[in-house]
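Student: If you want the building blocks of each chain, they are given just below.
Protein chains: 2
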Amino acid sequence: MANVPSHSPRELRSELGNLAPRVEHALDVAFRTCAVGPGCPPRLHDAQRYALFPGGGRLRPQLCLVAAIACGDGRPEVADAAAAAIELLHCASLVHDDLPCFDDADMRRGKPSVHKVFGEALALLVGDAFIVHSFDVIVRSGSTDPARLRPLLQTLAAAAGTTRGILAGQAWESEPVAPLEEYQRAKTASLFEAAAAMGAIAAGAPPQPWRGFGEALGRAYQAVDDLNDAIGDARRIGKPTGRDAALGRPSIVRAFGVEAARARVELLLGAALAGMPRCGGENVVLAWLESLSKRLGIR
Amino acid sequence: MANVPSHSPRELRSELGNLAPRVEHALDVAFRTCAVGPGCPPRLHDAQRYALFPGGGRLRPQLCLVAAIACGDGRPEVADAAAAAIELLHCASLVHDDLPCFDDADMRRGKPSVHKVFGEALALLVGDAFIVHSFDVIVRSGSTDPARLRPLLQTLAAAAGTTRGILAGQAWESEPVAPLEEYQRAKTASLFEAAAAMGAIAAGAPPQPWRGFGEALGRAYQAVDDLNDAIGDARRIGKPTGRDAALGRPSIVRAFGVEAARARVELLLGAALAGMPRCGGENVVLAWLESLSKRLGIR
Chain A
1 MANVPSHSPR
11 ELRSELGNLA
21 PRVEHALDVA
31 FRTCAVGPGC
41 PPRLHDAQRY
51 ALFPGGGRLR
61 PQLCLVAAIA
71 CGDGRPEVAD
81 AAAAAIELLH
91 CASLVHDDLP
101 CFDDADMRRG
111 KPSVHKVFGE
121 ALALLVGDAF
131 IVHSFDVIVR
141 SGSTDPARLR
151 PLLQTLAAAA
161 GTTRGILAGQ
171 AWESEPVAPL
181 EEYQRAKTAS
191 LFEAAAAMGA
201 IAAGAPPQPW
211 RGFGEALGRA
221 YQAVDDLNDA
231 IGDARRIGKP
241 TGRDAALGRP
251 SIVRAFGVEA
261 ARARVELLLG
271 AALAGMPRCG
281 GENVVLAWLE
291 SLSKRLGIR
Chain B
1001 MANVPSHSPR
1011 ELRSELGNLA
1021 PRVEHALDVA
1031 FRTCAVGPGC
1041 PPRLHDAQRY
1051 ALFPGGGRLR
1061 PQLCLVAAIA
1071 CGDGRPEVAD
1081 AAAAAIELLH
1091 CASLVHDDLP
1101 CFDDADMRRG
1111 KPSVHKVFGE
1121 ALALLVGDAF
1131 IVHSFDVIVR
1141 SGSTDPARLR
1151 PLLQTLAAAA
1161 GTTRGILAGQ
1171 AWESEPVAPL
1181 EEYQRAKTAS
1191 LFEAAAAMGA
1201 IAAGAPPQPW
1211 RGFGEALGRA
1221 YQAVDDLNDA
1231 IGDARRIGKP
1241 TGRDAALGRP
1251 SIVRAFGVEA
1261 ARARVELLLG
1271 AALAGMPRCG
1281 GENVVLAWLE
1291 SLSKRLGIR
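Order-wise, the sequence lines are chains A and B. For the first sequence, the working numbering assigns the number 1 to the initial residue and increments by one for each residue that follows. For the second sequence, the working numbering assigns the number 1001 to the initial residue and increments by one for each residue that follows.
Honestly, the hints are just simulated from the structure, not real lab data. Take these hints with a grain of salt, some might be off.
[To be verified] Sample of chain A residues facing chain B (criterion: CB under 7 Å; computed from the structure): (1) L16; (2) V117; (3) E120; (4) V139; (5) P151.
[Claimed, not checked] Covered by chain A, according to a simulated footprint, are these stretches of chain B (three or more residues, beta-carbon under 8 Å): (6) 1029–1042; (7) 1086–1099; (8) 1119–1131; (9) 1151–1158; (10) 1234–1243.
What you are looking at is a predicted structure, and each value in this text was computed from that prediction instead of being measured. Note that beta-carbon positions come from the ideal geometry of N, C-alpha and C, so glycine has one too.
Please take these sequences and the hints and turn them into a complete structure.
Tutor: Shown next, in the form of structure tokens:
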């Protein structure tokens, strides 16, 4: 599969420097084509914009694009649609998670959460809408390559779904006992897995090797998130901390302690690196992982 | 387009008699393949089943199948998937509509609403899940005919969407002033339009002539619903009445009175009949419309 020429240091800087603006551009296009237009009620328009821009770390859509770039990025417009779909689904889960019947979180990404500004009814609709748009943006991208449509949509549906996707993860919180591994796999790792796989599919590469890579990364990210919740600074991370303990949520820190959670982050990042797909564009992935580790405060 | 032989009275009885069980079978298959399985948290499993079975009138999936049958029903398994997708999307909107931040309805389809039995968090997730499954069931049907995948999904996304679909309709309820026509078109008629169009697409027929037919039928149904809310019997229709006035919702009865609403039902059904697509299978559509009128208590 080493069909993609390795990037020179200069090309590497250019690809990585362009990653964040490329994600924002993809989301802007998705917002304008799928979310708003004549007929959209004004407050729904504003609430959708508020929930989508400005974003947080945009890790998942970046992972999607990094996988696509590493695989040659043969259909950049399809990769952009996949990245937008992944972030829309993630934002849907955040908006619904913040509602009073879930985490009852007043702040998100350093500003009042959607229901605090627009009310619960509109926050509910914004989450619903982002689920619809996540599929819609992929369907629209199918005009340029119908053959990639079905695997992209299958991967997206599984990542969102009720057996191993985000919705299963959220629903474990309504059970008397939630299995930690399965809960975190469904709630977080599934979307990282889908992000990496969809990037590969968009570029015309086999997605299978990217699944394990994305999943390990997602599990590592969840361990960092658990650490942030337990010992992080709410202002720096832009959302309340101490929620896992307050809400009785399964957490690696709660189950095994801070040091074990830190060790787990290292272990999982090592596993992700060791399992990195041989695609020819490995140095792009490595460079992105390095910048990501810095952002997440990992040694 | 008269390529479908007209049904004999015997075939007609058989097709129509099979309609309700065929819808239930399609939903049962969709439930088992998309909604549940290993990994699905037990309460989410139960809440999804509770929200989907037993159903109400199943008008929208029936309309979808009637359109497919009238067009020759060349791919019955795709028509079944389309019908299931339409009903899943409808049920998603009902479960979310019933939540306290919307209509705060304790009863639906003659039994306690989903959040009354399973709590708000699970009701929220069930609605989210049904949106995901509505796309997923179509994607899965694409294995037998990939060419029909994109138009089916485009039609579904538009019917759900934020510019002219259900979500736009629900969001009009959060605006200080909602335009009655646009509100009802988005909230109700869009899904009837999609149901008829998707039935035609599933059968390989051009959907355009079916859109106006479905829309007129949807508008007529909304007028009947407004009448039921204003002067109906809550026990007979299985949900609370008087909600439009209590919640300040735009309604044909509130805007123009009971007699005007009744006249509108007649007018719209006449328009639907007059615009019925010439497909060869008109007598199936006519026979279904007749049984529908009886069920809705229309002369």
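Student: Tell me if the interface restraint on A/P151 is satisfied: Cβ within less than 7 Å of some Cβ in chain B.
Tutor: The hint is violated - A/P151 has no Cβ within 7 Å of chain B, the shortest such distance being about 10 Å.
Student: Count residues of the segment 1119–1131 of chain B with a Cβ under 8 Å from any Cβ of chain A, then say if the count reaches three.
Tutor: holds (count 10)
Student: Three residues minimum, CB to CB under 8 Å: does the segment 1029–1042 of chain B make the cut for coverage by chain A? Let me know.
Tutor: Three-residue rule met by the segment 1029–1042 of chain B, so holds; n is 9.
Student: May I ask you to test the interface hint for A/V139 with respect to chain B, counting a Cβ-Cβ separation under 7 Å as satisfied?
Tutor: 4 Å, holds
Student: Please verify that hint: A/V117, Cβ, nearest Cβ of chain B, below 7 Å or not.
Tutor: 12 Å, violated
Student: Within the segment 1151–1158 of chain B, is the number of residues with a Cβ closer than 8 Å to a Cβ of chain A three or more?
Tutor: Since three or more residues must qualify, the claim that chain A covers the segment 1151–1158 of chain B holds, with 3 doing so at under 8 Å.
Student: For the segment 1234–1243 of chain B, do three or more residues have a beta carbon lying closer than 8 Å to a beta carbon of chain A?
Tutor: violated (count 0)
Student: Is the interface hint satisfied for A/L16? The criterion is a beta-carbon contact with chain B at less than 7 Å.
Tutor: Interface hint status for A/L16: violated (32 Å vs cutoff 7 Å).
Student: Count the residues of the segment 1086–1099 of chain B with a beta-carbon closer than 8 Å to any beta-carbon of chain A: does the count reach three?
Tutor: Result for this restraint: holds, n = 3.
Student: With a cut-off of 7 Å, does the beta carbon of A/E120 approach a beta carbon of chain B closely enough for the hint to hold?
Tutor: This hint holds: A/E120 lies near chain B, its Cβ roughly 4 Å from the closest one there, short of 7 Å.
Going down the numbered hints, you'll see the structure goes against 1, 2, 5, 10, while the others check out.
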